[in-house]
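Read top to bottom, the protein sequences are chains U and V. The first sequence begins at 1 in the working numbering and counts up by one. The second sequence begins at 1 in the working numbering and counts up by one.
Some hints could be false.
Label pairs and their computed distance ranges (CB to CB) [claimed, not checked]:
id	chain 1	residue 1	chain 2	residue 2	range
1	V	D491	U	A170	50 to 56 Å
2	U	D39	V	A214	52 to 58 Å
3	V	R18	U	V334	44 to 50 Å
4	U	A170	V	R563	24 to 30 Å
5	V	D198	U	R99	51 to 57 Å
6	U	G246	V	S294	37 to 43 Å
Derived by calculation from the structure, the hints in this document are not laboratory data. Ideal Cβ placement from N, Cα and C applies to all residues, glycine included.
Read off the chains here:
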Amino acid sequence: MRSLIAKFAGKLHRDRSAVQGRVGIAVQDDVMISEGAPDLSRLTVDVLSRLSCLGVVAASPSLPFAEFLLRRANADAEAIVPLDTETRTFLHDIPIVRRAELAGDPAAAIAALLSNRKGVIAEGVGIVASGPVTLEQAYIHYSSVFHACYVKYLLDVLQDGFLLPGEEDAFRDFRKTSLRPLTSEELFFSASHLDDPEEVLAEIRTVGRYTVQRGLVDSFFGNISYRVGETIFISQTAASLDELAGCIDPVPMDNRSTTGITASSELLAHRRIYEATGARAILHGHPKFAVVMSMLCEEKGCPVKDCWKDCPNVRMLGDTPVVAGEIGAGGLAVRVPPVIGAPGKAIVYGHGVFTIGRDGFEEAFRSMVDVESRCREEYFRRLDARAGRQSKSE
Amino acid sequence: MSLREHILIVDLSSGRMRREEISPEFLGTYLGGRGLGVRLLRGRHTLSPFDPSMPVVFAVGPLCGTPAPTSARISVVSRSPLTGTVYDCSAGGRFAWRLRAAGLLAILVEGRSARPVVLAVTSAGEELLPASDLWAKGVGDTVRALSDRGSVAAIGPAGENGVLFSSIMMGEGNAVGRGGLGAVLGMKNLKAVTVDGDRVMPVADRERFDRARADVLRLFRASPVIFGELGISEYGTPALVDLMRQRRMAPTENFRRTVFVGAGAYSGPTIRAAYGAKKEGCYGCPIRCKKRASDGRPLPEYETVSHFGALNAIADLHSIVRSNDACNDLGMDTITAAATLSAWGEARGRFPSPEEIGTLLHDIAHRRGEGILLSEGSRRVAEALGMPGVSMSVKSLELPAYDPRGAYGMALAYVTSNRGGCHLRAYPISHEILRKPVASDRFSFSGKARMIKIAEDTNAAVDSLVACKFAFFGASIEEYAELLSAVTGEDHTPQGLKEIGERVYLTERFYNAENGFTRADDDLPARFFSEAGSSGEGIDVPPIDRARFGEELTKYYRIRGLRDDGSFPDGGFLERQP
Ligand code: SF4
């Protein structure tokens, strides 16, 4: 148990989603074990003792976006509602609990909300998330809330500007110091076509690790595959991209076997992309700026309500097509394959990026870096333009 | 709950029937289904299963009859003649929905009729019909004869003849299987129950309901196990055949091996190709995991194909489908039937051939020849043959098709299940094998005691709702609490539901304890601790470490608030429950 706590505390630091030293984790087996910053660790114990649950994570997020969202929300709001696909599907909404409500018994207030949702934002505390089945699940829920807040905050700022004292400075700091340059330089990819299953598995594991190491995606947000003849080697559902050893399924193209029932929920999309493009490698992840930019549609008077799944249009973000589509058996597998062939990349509304490699993963990886970099640039171009407009009108 | 709910109480000895309102407070603490049934047994839980006064409760849940996905299921609860434990089983089809539409949340049947009868229930009332002409008929003929009376739950010859693993069969082909409740009805001379109703169930907050339902459906679509192109919606539960082969945990030749080379003969894709399998589902279920052949007969589930296949070393799909047909018509549990034949096969040194199996199944149902002994299930067969070690059962319930050496949570869950060796209580296959909602390490005991406890509580709530376990390969208790809140207009939380589940689970365990079950009964067959499974392809399947298993079991008891020997710290548990 203690090694598990150390593992996930380490991941929260490595993926830079939590402030160093501001993590508390509790797990209960037959006894309760907790570690981390004393106040947060105590809080997780108190929360967990009120829940039928295996583990709880509480941490100060490395970026203040969750806190800002909470303070920007209406005084009577009980939750914030990010509209990215991950949140719609898995979180629904994210409850918020304000400082005043935490005054008496903070653990009770947080546990009451966590008894209904996977993660909450507590003012002055951070993100608290639960794992009913495993501690990893609490880590995943923490990451999901962090990701959702990141995306929503960026969207809100572009829409409404800065509203709180200190917000603009914090954002400037984020822009200057937190964003790592995205690059595929100094990474080694296998150049030739791979046929040997062992080499394929090794390459998938390596590239999966690269995506997380380079800050392109968070650990478990994405999937990856490689086609050899009539077999697709694909990462399993809910697998972490940086820990794919033993988590890759070989799936026959013709569904002769159902072994791939544990494969990623995007298996169908991968299969269709292979059929449509003849590619050998596919990379799918949820880089944040691409998710943000995909949700900015300028169409006026459009009758479609659920853009994320029902939009029939193909929009362009630079040279990258953007289409709608739900995870799994939801239409993404219909809309992505026809548009991804020529540009080698596509974005799914509110969800993430698919890229292909005609020879191997290098092209796919470069494309993903390229899409996310351009989306980042475009985001800041629009933000700067907005600031310019604002200062002119002042 | 805001709605006034009713139970029909039927005394077969006197023929008296009455509808009573169930107190709302009572429903708030037990929900319905399994929880309600278990509560209604209180006071009579130590009676013999075949005592006429032992009740059999048919109970649906508060979501039944609404468009809540997978919620039109029924729990049947009594005490099992096979295991001696408290027993519940959930079944789908149309029966649950029609029962609710007849204005009832539950039926409790007690007593014993002097002659065979059918209980016929409609919105207008209920009657007992003479059924002597149906006695000895197969389930198929019985259902056809009663088809103008709505949905039918019937027993076949196995139930009439007291086979200890006889089922109650729903007309659509679903079974109230495993524990032999068909024999309990048989002993009561109740051949069938028919239900037909026309009431529509109200939903207190439609907007909230629609939102929650959309959340559930979105999660179904995101789950490869449910709606993936290789998932159970496409191939039914036999989608697991290839996976269990690949994970090297398919029980083979009475659990002597864990890989069967002929498993491809009955995999999901093979069944589809051979029988033109079409999708079918329980009432209102979008998953539609049930599969029917092009001629309309229900095709077997994973556990059935695997046990009539690998467990008996048979790679003949048509023989397996015929075995399934026979068990369905005779009203007999497929898992126990196949596992009993397999144990008997090991004991005599030869597994039954495909040609022999049909005759043997009929002999069991009619209790003649070898069937007299075989009708008692594997434990009694093995003991009678002086080889108790060949019965691969826990608390006399035969283990299904997940070898515990390949998933340690499953190993623990088999022994802590209140109804014996069952995969559906904690259902750790969900995370140990299918990676839902997250993956856990199948070859580790670490944390498993707590995981099993939480899952048992959650699933006891799910069985009380009564929703389908398969829904939870995508959705979670969070979305179902929301559906329940929307239907009842009262707020329910996942935590609150788990507390109900815990109460139900502990009540069952307490009943079992009062019937003499102790830690010694919470054990796996010795084979799993001394013999390895079939290692290979980079997967090592060693015997389970008995010391580590025992340690985790002790942890489990502590987490449950029990003594280290698995007993209750005091005798006042029931009095403290509502
Ligand atoms: S998933 Fe299958 S068993 Fe469950 S309710 Fe639906 S059709 Fe019935």
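Structure-based check of each hint:
1. V:D491 x U:A170: 50 to 56 Å: 37 Å, violated
2. U:D39 x V:A214: 52 to 58 Å: 39 Å, violated
3. V:R18 x U:V334: 44 to 50 Å: 56 Å, violated
4. U:A170 x V:R563: 24 to 30 Å: With Cβ atoms ~55 Å apart, the hint is violated.
5. V:D198 x U:R99: 51 to 57 Å: 54 Å, holds
6. U:G246 x V:S294: 37 to 43 Å: Holds - the Cβ-Cβ distance for G246 of chain U and S294 of chain V, about 40 Å, lies within 37 to 43 Å.
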